[in-house]
Amino acid sequence: MELSICAGYLQKTELTDKSAYNMFKLCKDAGFTVIDYTPGGATWEQQVVSLLKASEATGLPIEQSHAPFNRYSKLPLDVYKTMLDNAFEAAIRMGNKQIVVHGDDYRIPAGEEYDADKAMAEMYELWAPYVEKAAKNGVCTAFETVFEDNRAKDAPPNRFTSRLDELVGLIDRFDNPYVTCCWDTGHARLAFTREGM
1 MELSICAGYL QKTELTDKSA YNMFKLCKDA GFTVIDYTPG GATWEQQVVS
51 LLKASEATGL PIEQSHAPFN RYSKLPLDVY KTMLDNAFEA AIRMGNKQIV
101 VHGDDYRIPA GEEYDADKAM AEMYELWAPY VEKAAKNGVC TAFETVFEDN
151 RAKDAPPNRF TSRLDELVGL IDRFDNPYVT CCWDTGHARL AFTREGM
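Per our numbering, residue 1 is the first one in the sequence shown, and the count goes up by one each step.
These are calculated hints, taken from the structure and not from any lab test.
It is possible that part of the hints are untrue.
[What the hints assert, rightly or not] Mimicking DSSO-like on lysine-lysine, the simulated pairs with C-alpha atoms at most 30 angstroms apart in a straight line are:
| id | residue 1 | residue 2 |
| --- | --- | --- |
| 1 | K97 | K133 |
| 2 | K74 | K53 |
| 3 | K133 | K81 |
| 4 | K18 | K97 |
| 5 | K136 | K118 |
| 6 | K28 | K74 |
| 7 | K136 | K97 |
| 8 | K97 | K74 |
| 9 | K53 | K118 |
| 10 | K97 | K28 |
| 11 | K81 | K12 |
| 12 | K25 | K74 |
| 13 | K81 | K136 |
| 14 | K97 | K12 |
| 15 | K118 | K133 |
| 16 | K81 | K18 |
| 17 | K81 | K53 |
| 18 | K18 | K28 |
| 19 | K81 | K28 |
| 20 | K118 | K81 |
[Said to hold, decoys possible] Have a look at the derived ranges for each label pair, beta carbon to beta carbon:
| id | residue 1 | residue 2 | range |
| --- | --- | --- | --- |
| 21 | E125 | D165 | 17 to 23 angstroms |
| 22 | T43 | D78 | 17 to 23 angstroms |
| 23 | P177 | G111 | 20 to 26 angstroms |
| 24 | K118 | Y9 | 32 to 38 angstroms |
| 25 | D117 | R71 | 15 to 21 angstroms |
Every value quoted in this text rests on a predicted model; they were computed, and no experiment measured them.
Beta carbons are placed, not taken as given, at the ideal position from N, Cα and C, and that holds for glycine.
Take the sequences, apply the hints, and build the full model.
What follows is the structure in structure tokens.
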């Protein structure tokens, strides 16, 4: 078992030296054996170069990254897809074993009810080109466990893949050994231990 941390969290701290090297060294000194890091924004390519140098200098591999998700920010689809393009390209360049994604970007159209079949079709269509690109480059796409949020106990479902059958169904639909699950234990506890979930 590897002990990993998302080094990006250190960007939010009061460290005076937030260079990639310093973050990696701090994580290694703390006992972490692999890094989870997601470059982003306009400088993502420069970040990849810096991260790879820090990884080599510290001997701490970049195991995985996390693709952006659009559930809360609700960016226009073209903007979101550009972010996904960059995230998947970064994962490939960094030699990640996997990139973690949320399969929950389905939006219930106004005036309609949740439709799991429609959500499955839309999410497969969204993720298929990314899964294919990642797989061709030896990177797994790992769909993360998510949970229903912002809903009353008896309200209808609204978050695709927050139910195990949907998550497994989406993964199985790809029929690709490079598509797997990222089992977030905190998310899973919220998703599968609440009554009615």
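Report task. Check each numbered hint against the structure and report the violated ones by number, ascending. Result -> 2, 6, 9, 12, 19 and 23
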